[in-house]
Amino acid sequence: MAVKLATPQTSATRQKLELHPDRALPVDPDQRAIARTIYAQTKDLPLICMHGHVEAEVFATDQPFADPAQLLIVPDHYVTRMLVSQGMTLPELGVPRLDGGPVETDPRTIWRAFCTNWKLYRGTPSRYWLEHELVEVFGVDLVPSAETADALYDRIASVVADPDFRPLALLDRFNIEVISTTDAASSDLSHHRSLAEQGYGERVLPTFRPDAVACMDRAGWRRSVDALGVAAGIEIGDFAGFLEALRSRRRAFVAAGARASDHGHDLADTTPMDGHAAERLFARALAGEQVSLEEARAFAAHMLFEFAGMSVEDGLVMQLHPGVLRNHHDGMFAQHGLDKGFDIPHAVEYTRALRPLLQAYGTDPRFRMILFTIDETVYTRELAPMAGVYPAVKLGAPWWFIDSPEGMRRFRETATETAGFYNTSGFVDDTRAYASIPARHDLFRRIDAGFLARLVLEHRLGEDEAVETAQDLAYHLPKAAYARRDQI
Amino acid sequence: MAVKLATPQTSATRQKLELHPDRALPVDPDQRAIARTIYAQTKDLPLICMHGHVEAEVFATDQPFADPAQLLIVPDHYVTRMLVSQGMTLPELGVPRLDGGPVETDPRTIWRAFCTNWKLYRGTPSRYWLEHELVEVFGVDLVPSAETADALYDRIASVVADPDFRPLALLDRFNIEVISTTDAASSDLSHHRSLAEQGYGERVLPTFRPDAVACMDRAGWRRSVDALGVAAGIEIGDFAGFLEALRSRRRAFVAAGARASDHGHDLADTTPMDGHAAERLFARALAGEQVSLEEARAFAAHMLFEFAGMSVEDGLVMQLHPGVLRNHHDGMFAQHGLDKGFDIPHAVEYTRALRPLLQAYGTDPRFRMILFTIDETVYTRELAPMAGVYPAVKLGAPWWFIDSPEGMRRFRETATETAGFYNTSGFVDDTRAYASIPARHDLFRRIDAGFLARLVLEHRLGEDEAVETAQDLAYHLPKAAYARRDQI
Amino acid sequence: MAVKLATPQTSATRQKLELHPDRALPVDPDQRAIARTIYAQTKDLPLICMHGHVEAEVFATDQPFADPAQLLIVPDHYVTRMLVSQGMTLPELGVPRLDGGPVETDPRTIWRAFCTNWKLYRGTPSRYWLEHELVEVFGVDLVPSAETADALYDRIASVVADPDFRPLALLDRFNIEVISTTDAASSDLSHHRSLAEQGYGERVLPTFRPDAVACMDRAGWRRSVDALGVAAGIEIGDFAGFLEALRSRRRAFVAAGARASDHGHDLADTTPMDGHAAERLFARALAGEQVSLEEARAFAAHMLFEFAGMSVEDGLVMQLHPGVLRNHHDGMFAQHGLDKGFDIPHAVEYTRALRPLLQAYGTDPRFRMILFTIDETVYTRELAPMAGVYPAVKLGAPWWFIDSPEGMRRFRETATETAGFYNTSGFVDDTRAYASIPARHDLFRRIDAGFLARLVLEHRLGEDEAVETAQDLAYHLPKAAYARRDQI
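Residue numbers (this note's numbering), protein chains in the order written: chain D, 595 to 1082; chain Y, 595 to 1082; chain P, 595 to 1082.
Hint data in this document are derived by calculation from the structure and do not stem from the laboratory. The reader is advised that the hints may include incorrect statements.
So the derived label-pair ranges between C-beta atoms look like this [said to hold, decoys possible]: (1) Y:745 - D:861: 31 to 41 Å; (2) Y:660 - D:946: 54 to 64 Å; (3) Y:849 - D:861: 44 to 54 Å; (4) P:959 - D:609: 49 to 59 Å; (5) P:655 - D:925: 27 to 37 Å; (6) D:959 - Y:766: 41 to 51 Å; (7) Y:766 - P:609: 53 to 63 Å; (8) D:637 - P:610: 47 to 57 Å.
Here are a few chain D residues that sit away from chain Y, every Cβ distance over 12 Å (derived from the structure) [what the hints assert, rightly or not]: (9) 744; (10) 829; (11) 858; (12) 887; (13) 949; (14) 970; (15) 976; (16) 980; (17) 986; (18) 994; (19) 1013; (20) 1052; (21) 1054.
Residues from chain Y that keep clear of chain D, each with C-beta distances beyond 10 Å, as calculated [said to hold, decoys possible]: (22) 618; (23) 661; (24) 722; (25) 832; (26) 936.
Glycine included, C-beta positions come from ideal geometry on N, C-alpha and C.
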């Protein structure tokens, strides 16, 4: 372990871990007082979790979580990447290797490494979420450190073993009204069928994620197209068949309760290809011909345009999450696969990129689109101006690295003046760390309370308006943004 | 109307509309106290309005405004775009169709839609300005809502009918020392002649805006060139004649009191075309040949370089406002024309783009240039560094969507450290909403007072210096930035 | 002098210049109290100055500084550029002309111009640093103005003449534990040999800066390559010889105590050239053939990749400072040469640009890289995400125009949540203004204290943790980031 700082960590002297009721509220006493009042009116509202990455299988099988390391560390790339940044390796943290090579298997060893390096998380949202989870979910009052690691481990392990801590039971405990999973276009949705049979069909919903077949440059594109065909019961022999299979799966998703599709393209481009170019390119790719990066991007753009058209037909809300260069380090991708903390954002252009799609559908009352970004420079410049005029467009909550106290605050400061509050989606949690969901919603409600309290103190908003707005942002807006079209 | 929020608007319970004397001042009590002191020294300074979009005809004919909807809603794209973003249509808001098709004609209906949706403006500068206007200009004390809409309408209508509310009378009431209009290069300036005859020749000034002839890709370019020729009394047969006509009109503008030219190009590029390329391209375009987007951009860049040279000759201050993709939605443009809220900013590069112009004229004491941006990322990176060294360059006030409390605050925070205060233009209001001008200046003075108060409290500035700086920013700097060259 | 503001400067009435003990600390009283406590624990820590631009000769010869103008104005482009921006010329400020033409030679005249225009520096970091220097270093208590200029000049001149004010003596007075100079790859390091003989070999260290030979588009590239060969004692006849000479000089720098290399390329690109393309391009350039800008950039990118490999071999920390268009105004460059305030930043991309280098070396425990930027939009989007996962990468302190109170604050707000504190380098002063070094470190410690105090008040960090973090950022982290590899 390469963390060799000049001074030993002294924070273990602050032994008692507590959550202060005013945490993440503003510093100014008057502003804090108003923020407290606002937050008191939102903190108990149910959670609407319409863009999640917890696997459907976790809910469908409802098995207990394995151990503290498997619950809180190994699958959370926010947590592992910080340790990697200071010299630990993914195998040392128990992250599986694709070649089945050896990795750390002792969860307690992994847990100790994490606790010993607790210092590294200072100032990060991971620290904030983890403190919330330790206290609120696991009833712990020890600050993580080398000395407290074992005691913490034992406490959490006992909670995890409790039947009340199974995934479905946590839905109630976490006050989750509804949660979405993210599912490949080729998913057979069997887990959601099973959930429906268990009575959770209105509470755990699938989301249609077709990136694997829309992006020809993704590894295994051909395999994904084949799987799509199998799921749809359609022999995909040409582009028309491809579109038909996608439409068919979307109908199946809608039938299973899906409210949205999700698109994580590299770029935001939505330019449709001319004439029959998409058909020809698809045929070439299907025949196994090499497709250039430029061609793959043109096809991906064309597909975003197609998906918007399908949304008009079937009512799925179209979510767009562009601007991340996935798998920045080839070696790490080859060794460990996707989503291991080596995804790095880049600048992304929306104004010209979305123009073709918005010209076609942006004022169509049947179309709904939620735009996310990890490049926050576009809030004032591009996204708020578009959300502030196109009826189809809502601005999503700050995403990924900017789903954080400072990121959320900057989002309100930069987006509100042009888009208003009511052209935003309200909070969207977007995580695969199930136990962190309540912490994330809670943090958002606190930051919004602080921002609104400033507007009140600056006499830009009445206090009653601030409370109503906070409630809308926390609950009513996400519920409305992802409502079934027939229930709007 | 598609605004269907889960909770009814409760703000109508806050019945009394009042302007708090401390609005938009900082939250911290000590900072607010200092800000109050500073603001007290600027609030009554006259308004210098050197970049406005109120039509010259409004002043020249001095007719009363039609009704509350025509005064406050229909022509203000900030206001209409927010309603459109939630599902209303421009025709429902009374915005004329180019084809003369039917639009809402009852001003009271339009006014009611606006009041009913007052909630949407929470947190926006429109809300701030409108509250100021309702109280200060119209003497209203009712919060807009479905219930209060008619009472508000009647009150405003009676004010609008008052002779003291005519455009020229408002100049005094608004404490406007001088105001500019924006006029096409082909304008015959007849309204300004009429104003001069009425004794307003030093108070209502034209601004030379030649975009329609500098940008070959604009609709009606050829018609605009012809109109320019007519106004200049010159048969424009080649590029030399074109330049001669422009020079001639600039002289006429200067004679009519103009202080500045204004340039709203898509990009900031100022690269002159080589040798006789501009002549040849102009000839082709004049002959009706198709000109590519690239060629049109090269010509526009060449023209910015030419206009800088003309400014050296005639002393007009050159204002540059690049970076907006106008008419993002073709359908809306076809139906309603320019400036209907569908203009979306995009990233714009200044460092390389302005280099040719600044190499030629940036250190020339006869040249003055004011740079505006709507892409605020360039303040620290490009604009403040250029304004902080080139004597010709001043940084304009935050423009368009960032002419707002948060935008102004960020502007000071990001531009001041590198450009200082004295390389900025002071406030430039830039609006076609006449009644909002006092509110805009007032807001700017409040935000500057708050920023300066922080510097005082952080012991980075003396309080006497802060007061003097605030007065310079509010009044002396814009007056100096746009002074006649012979009066500097 | 073109500064003709409408109101006279009144700040001379605030005659007494004092440094308030709470300067640059936060406005909120509770936050300020905590910040004071934190700052008290860092203010006396020694200064680690690992990226400086004071010339080695200044230390080696240890001559007294010439006069107040030569010490504080003429060589400081932050100071001169502000006066130039308001109409003074570089010759009027005594800045030498390359052609030997006349410039102002009376230091008192230059000093008076500066004092008379003190107003221009309001709100800038130069003002902050200069106030600190005047009071702390020169014992002055007069606010600069036309009236006080001469008294100030005399006081400073007498201090400068004092033997205790010689460069080496100031190392102790400034509490500088170690300072780096910046030295061309071709430097014979004779000044550092002399310093070693005087017992300063561990305290004044060279830094290896090879831009002049890595960037073929720089003026005098061929001459720089020749000088490199001479210094290395190698006849550079081909690319292999070039690399051998670089390696040889790096070894000499390491032997002289160097800890780091420094790279100020235009772009951040690190893509290695294919096969033997670099060899061939180098041969062509060496033969005097014209090299295009694109070729020069490809070569510079290739060299960054090569330098990373050399860092793996010899342990020098690789510092990257891209994104500035040097010598924006050709005429000023021709007249006065480099570093005269006419360098303007531009947007720079890191995510794709650094990928080749990071794929090769980013997880190699032998490699260390510190990334700087002047384009602060990349903190949340690109740099913090990379520093937050790649063990080789640390984020440098805000650089150049953003080495300022607001810039530093924004840096912590935008970088910390994703990179944490411990993937940053701590403070790096980066200045050629020797007397400003204590002020710069002091300001950084104050801003960090304020930021950490907010985290404490928001219950996101314990106060003991905040103190420890502040000490790490001020002292331990820069010391560790630039430690000899064998001493990590």
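Going down the list of hints, with the structure as the test:
1. Y:745 - D:861: 31 to 41 Å: The hint (31 to 41 Å, Cβ to Cβ) is violated, given that residue 745 of chain Y and residue 861 of chain D are roughly 51 Å apart.
2. Y:660 - D:946: 54 to 64 Å: violated, 38 Å
3. Y:849 - D:861: 44 to 54 Å: holds, 51 Å
4. P:959 - D:609: 49 to 59 Å: violated, 34 Å
5. P:655 - D:925: 27 to 37 Å: Between residue 655 of chain P and residue 925 of chain D, where Cβ atoms are some 50 Å apart, the hint is violated.
6. D:959 - Y:766: 41 to 51 Å: holds, 47 Å
7. Y:766 - P:609: 53 to 63 Å: violated, 41 Å
8. D:637 - P:610: 47 to 57 Å: The hint (47 to 57 Å, Cβ to Cβ) holds, given that residue 637 of chain D and residue 610 of chain P are roughly 51 Å apart.
9. 744: Answer for residue 744 of chain D: holds, closest chain Y Cβ roughly 45 Å.
10. 829: It holds; residue 829 of chain D is separated from chain Y by about 39 Å at its closest Cβ, greater than 12 Å.
11. 858: holds, 22 Å
12. 887: holds, 22 Å
13. 949: violated, 6 Å
14. 970: violated, 10 Å
15. 976: Not fine: 6 Å to the nearest Cβ puts residue 976 of chain D too close to chain Y.
16. 980: The claim is violated: residue 980 of chain D sits with its nearest Cβ about 6 Å from chain Y, within 12 Å.
17. 986: Residue 986 of chain D not clear of chain Y: closest Cβ-Cβ about 9 Å, inside 12 Å.
18. 994: Non-interface label on residue 994 of chain D holds, nearest chain Y Cβ at 20 Å vs cutoff 12 Å.
19. 1013: violated, 8 Å
20. 1052: violated, 6 Å
21. 1054: Incorrect as stated: the minimum Cβ-Cβ distance to chain Y is 6 Å, not above 12 Å.
22. 618: violated, 6 Å
23. 661: Holds, since 25 Å exceeds 10 Å.
24. 722: At roughly 6 Å from the nearest Cβ of chain D, residue 722 of chain Y sits no farther out than 10 Å, so the non-interface label is violated.
25. 832: Holds, because the least Cβ-Cβ distance between residue 832 of chain Y and chain D comes to about 34 Å, which exceeds 10 Å.
26. 936: violated, 6 Å
Hints 1, 2, 4, 5, 7, 13, 14, 15, 16, 17, 19, 20, 21, 22, 24 and 26 from the earlier list are contradicted by this structure; the remaining hints agree with it.
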